[in-house]
Amino acid sequence: MDLLEKLGILADAAKYDVSCSSSGGTRNNNKGVGNSFAAGICHTWADDGRCVSLLKILLSNECIYDCVYCVNRASNDIPRASFTADEIIDLTMNFYRRNYIEGLFLSSAVLKNPSHTMELMLEIVRRLRNEQAFFGYIHLKAIPGADQRLIHEAGMYVDRMSVNIELPSDKGLEVLAPQKPVKALLKPMQQISQGIAEHKEHPAFKRGGSGTNSAGLFTPSVQSDSSSFPESLPDADFSRRELAGRNSGKYFVPAGQSTQLIVGATPDRDLSILKLSEALYGKFSLKRVYYSAYVPTLSDPRLPAIIKPPLLREHRLYQADWLLRFYGFEADELLSKTNPDFDPQLDPKAFWALRNLHLFPLEVNKAEYEMLLRVPGIGVKSAQRIVAARRVNKLNFDNLKKMGIVLKRAGHFITCQGKTYESFSQNEHIVKEALTSAKLLPQGKKAVPGQMSLFSTLNETGLGENMSDLYLFSSPENTKEWLSYYTQPQDGRLLLSDIHL
Amino acid sequence: MIYIYDGTWDGFLTTVHHFYYDRLEVSNIESALSYQPNLIDEYRTIPPDKTKAQTVEQAILNKISYESLENIQKCFFSELQGREMWILNYIKLGFKLGGKIDCMLGDQTVLNVLIPARKVGLECHRMLGLLRFELLENNIYYARLQPDHNIITFISPHFKERFADQNWIIHDTRRNLASLYNTRKMLISYMDLANIPELHTNEIRFQDLWKNYYKHIAIKSRYNPKLQKNFLPKRYWKNLTEKQ
Chain A
1 MDLLEKLGIL ADAAKYDVSC SSSGGTRNNN KGVGNSFAAG ICHTWADDGR
51 CVSLLKILLS NECIYDCVYC VNRASNDIPR ASFTADEIID LTMNFYRRNY
101 IEGLFLSSAV LKNPSHTMEL MLEIVRRLRN EQAFFGYIHL KAIPGADQRL
151 IHEAGMYVDR MSVNIELPSD KGLEVLAPQK PVKALLKPMQ QISQGIAEHK
201 EHPAFKRGGS GTNSAGLFTP SVQSDSSSFP ESLPDADFSR RELAGRNSGK
251 YFVPAGQSTQ LIVGATPDRD LSILKLSEAL YGKFSLKRVY YSAYVPTLSD
301 PRLPAIIKPP LLREHRLYQA DWLLRFYGFE ADELLSKTNP DFDPQLDPKA
351 FWALRNLHLF PLEVNKAEYE MLLRVPGIGV KSAQRIVAAR RVNKLNFDNL
401 KKMGIVLKRA GHFITCQGKT YESFSQNEHI VKEALTSAKL LPQGKKAVPG
451 QMSLFSTLNE TGLGENMSDL YLFSSPENTK EWLSYYTQPQ DGRLLLSDIH
501 L
Chain B
1 MIYIYDGTWD GFLTTVHHFY YDRLEVSNIE SALSYQPNLI DEYRTIPPDK
51 TKAQTVEQAI LNKISYESLE NIQKCFFSEL QGREMWILNY IKLGFKLGGK
101 IDCMLGDQTV LNVLIPARKV GLECHRMLGL LRFELLENNI YYARLQPDHN
151 IITFISPHFK ERFADQNWII HDTRRNLASL YNTRKMLISY MDLANIPELH
201 TNEIRFQDLW KNYYKHIAIK SRYNPKLQKN FLPKRYWKNL TEKQ
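Protein chains in written order, with full-length UniProt numbering: chain A, 1 to 501; chain B, 1 to 244.
Fair warning: there could be bad hints in the mix.
[To be verified] Taking lysine-lysine and the DSS-like style, the derived pairs with C-alpha atoms no more than 25 Å apart in a straight line are:
(1) 92(B) to 394(A)
(2) 211(B) to 366(A)
(3) 402(A) to 215(B)
(4) 394(A) to 63(B)
(5) 229(B) to 381(A)
(6) 185(B) to 215(B)
(7) 250(A) to 226(B)
(8) 100(B) to 394(A)
(9) 220(B) to 6(A)
(10) 6(A) to 100(B)
[Claimed, not checked] Footprint (simulated), chain A over chain B, 3 or more residues, beta carbon under 8 Å:
(11) 38-48
(12) 206-215
Just so you know, the hints here were simulated from the structure itself, not pulled from any lab data. Backbone N, C-alpha and C define an ideal beta-carbon position, used for all residues, glycine too.
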């Protein structure tokens, strides 16, 4: 089978994992190729509107398990393939160097047994770091049931690790994934979260020395005395291996761990899904919980007969997830036993605000930041802008509008210097109409459900380099002249005058 | 009086210097590259002066803030019509208020600079992901772009750090501007690259692999071209390998 075909099969097999983020990494380029960008970078968007940041592939889709919801289940009749380590390394490096991707997201079906699979995956990430001096982002799936030592060692090389819970309740797992007891899923998550916590506290790790780590977890090549490391060695390959190895001692899953929950394959309510997420953020300090609308890829009497994936429900859960992580909400405030599911018409914040009209209106010039965050129409950025701007001047509605606050929504919940907005009302029905999703946007510009993105603007402006020094104002005449720039002797002190322009 | 400058950042800062020292009534500042003279207005060409430009840059840093300098710079490189006077008015206000100006997020004078700066910031961030390099036969990675704003100075340092061991060229074909990096030093230069060398023999193979991956990674039952275009405006598709 050729590589093109294999890549197709193993991308198809990996695409139902929705995690795409490349954020939270802290790795810098140390004489190799690649680095992390704290906010993450999306490199393209596929035809389904989902961002592509990492090369997301399975090592293999030849699975011994038979989980009912999964495309790769043993009894499913689909083409099977496995990559070799060399193939994955070649693809990752060549895609990365062309700026197609931020790094690699490697997952796998269970080949033979969990430890064997984990070992194969570990070899790939180890070789990427040590042989290729690759400092780009790596997200690795931990295979539940694999030897703890393998998971721990992998954590030294990767930026993010994840274990997918998939089904948000014990009951669901029992019926649909009988070979994956919930305990086996939570064990590696607990191990990773402990590893991250210990690593942060342990002073030896902070300095980046590998000598203090417990023996047996490292390959011999890494146990070198880092202090006697010479700056440049004639054998480039050797020096690279040393560098990346030393580097890997500094980190343990620096970008944290994440998981994924499938929405709509089991009868679980939004409340129990959100409570589970809240517990995962609290207990295992997860960075992200992803929600994946169940896409019917197979028919089985144990699965619900749905035709379309519940995308709007997934969207509402993402919105609620954002409220948990960035807006200081708790799951119990958003939903309750009597209200266990979100209203498809209203976003979760509007849903909450409507039930708590008695807390409003707030005076924008005085209200606490935490309360501003709770106003529909004010997001994190707007709230921060309000807090900054009101230090200088008292704000009016015109200021707010210019700062990007959606007054059509927020107008029902705030006052400016004691005044209310023109359309202000505390009548529940009027407010509800203003907050209803579809009506809010002008025709033809309706909200498109999908995973949200936090756009952060670029902080690196290159001010460190003096701009005028970089610019050349006379241009080279022809291709040969500018190519000569690349054929200069590489002695590290190329000057403008060397280029003969 | 209308000041004419050479279109560069240093040239523009020199006009700001003149504005404060000539004490003339300045009604507009225009780039020599784009101005349309008429018979009524009085014009004066200001030659770029690096020392004067640096004085102004230092004054912005000391009397206003680093954040303001960043925003002014981004606004300038947005190349939007009218940016010179927006920036001049911002600087005038900034010299009066100091660093407080960075908090005045609802003020029109401030927003005139802040909004173009945000646009530039957004395009920079997008381009960090959307830039596509092709390997040429002489082992240089070559990327072409036609951004709305003149962002090459802002994005190049990112690639210098990331692809430190590669030779590369980032070429803004709209402005005939390119940054060159040879694994040691980076330069930015005006240039007309007419003959790009042939592609490396492996290049097409990896482009095909990437296109194939891109095709397969989309989930058909979630097909959503509208969402895709929200994130990935069509004007950027031209240089995207996966969209060819």
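Results of checking the hints against the structure:
no., hint, in the structure
1, 92(B) to 394(A), "holds, 22 Å"
2, 211(B) to 366(A), "violated, 53 Å"
3, 402(A) to 215(B), "violated, 41 Å"
4, 394(A) to 63(B), "holds, 24 Å"
5, 229(B) to 381(A), "holds, 24 Å"
6, 185(B) to 215(B), "violated, 37 Å"
7, 250(A) to 226(B), "violated, 43 Å"
8, 100(B) to 394(A), "holds, 14 Å"
9, 220(B) to 6(A), "holds, 19 Å"
10, 6(A) to 100(B), "violated, 58 Å"
11, 38-48, "violated (count 0)"
12, 206-215, "holds (count 8)"
Checked against the numbered hints above, the structure breaks hints 2, 3, 6, 7, 10, 11 and satisfies the rest.
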